[in-house]
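Work out the full structure: start from the sequences and follow the hints.
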Amino acid sequence: MRSAFALSAILLATAAIAQEDKPTAAPKKKSPLETQRGAYVLKYADANGVAGVLSKHFKGAAEIHAGPEGAGDCLLINASPAAFDEIVKTIDQLDRRPRSIAVDVSFVELQAKAGDDKQSVEKDFAGPAADVSARLNALTKSGQAASVKRIHLGATEGQLATVMIGETKPYVSGVNATQRGVLNRMHQYRETGTQVRVTPSVTADGAISLELNIVDSGSRPSPSVSVGVDEKGAPIPSADFTNTSFKGKLVVASGHAVLANASRSATKEGQAETLIVVEARVVESEAKPK
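So the sequence shown is numbered by this note's numbering: it starts at 382 and just counts up by one.
You can take every hint at face value.
Derived Cβ-Cβ restraints for the label pairs, each shown as a range:
(1) Met545 x Asn565: 32 to 42 Å
(2) Glu467 x Gly547: 48 to 58 Å
(3) Glu415 x Ser590: 39 to 49 Å
By construction, these hints were calculated from the structure, which means they are not laboratory data.
Backbone N, C-alpha and C define an ideal beta-carbon position, used for all residues, glycine too.
Listed below in structure tokens is the structure:
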């Protein structure tokens, strides 16, 4: 008869063999269908706008929605763990402090001599703002610039800024003489002025993109049309109404200026040229988180 010790040894050996033959369970893999859910509270950006951009950018890889009203600017995100991390990195880039942009628009009226066909040179009115400003000052001192009008706007990135300056100007529309030979000038009035609308943004390389709508209207004596003669027989000129405008997008390096538009019109002295010069620069933003 086998001893109790021998029997115990046989049982232990049999259990060890059975354990070796038992298949090892494979580590559980994460299902590709598993997702990570979470909420992200924005500090500066609008939740609806960011949600729309991210939904298009991560189409098919995530579900992104703006939170309900009253929950603040919150994003609800449902995505795979890898996509979730990438979405958060993208949000951090989009949800940044908006910058303040200073925009200056100059309207420069250049006088040309009779028969002078010289056009303005674009490079003279493009470049570092300090250089362009010095150029305009030199034109004014030399008399080549009849007038320089400058409009300043302070704008916040992504938001519309508007300046309107207007006046009502009288002009002589006709004359008539009384029986005693006294001339009566008939006057009418017209609204003139300047309107500048700009929405700035900063590009990835630090340049400034400007959506502009500029209109500048004025009047000057007509060089060829008169409404009658005065007491000395000299012609009384009619009024010519001028309009210089620009509508479109400009991209300018911060601290630089560009020529937006140049238009020509006839005067008594010859051809006058009106320029629109636009300068923009990024200034330190004082915007605070919401």
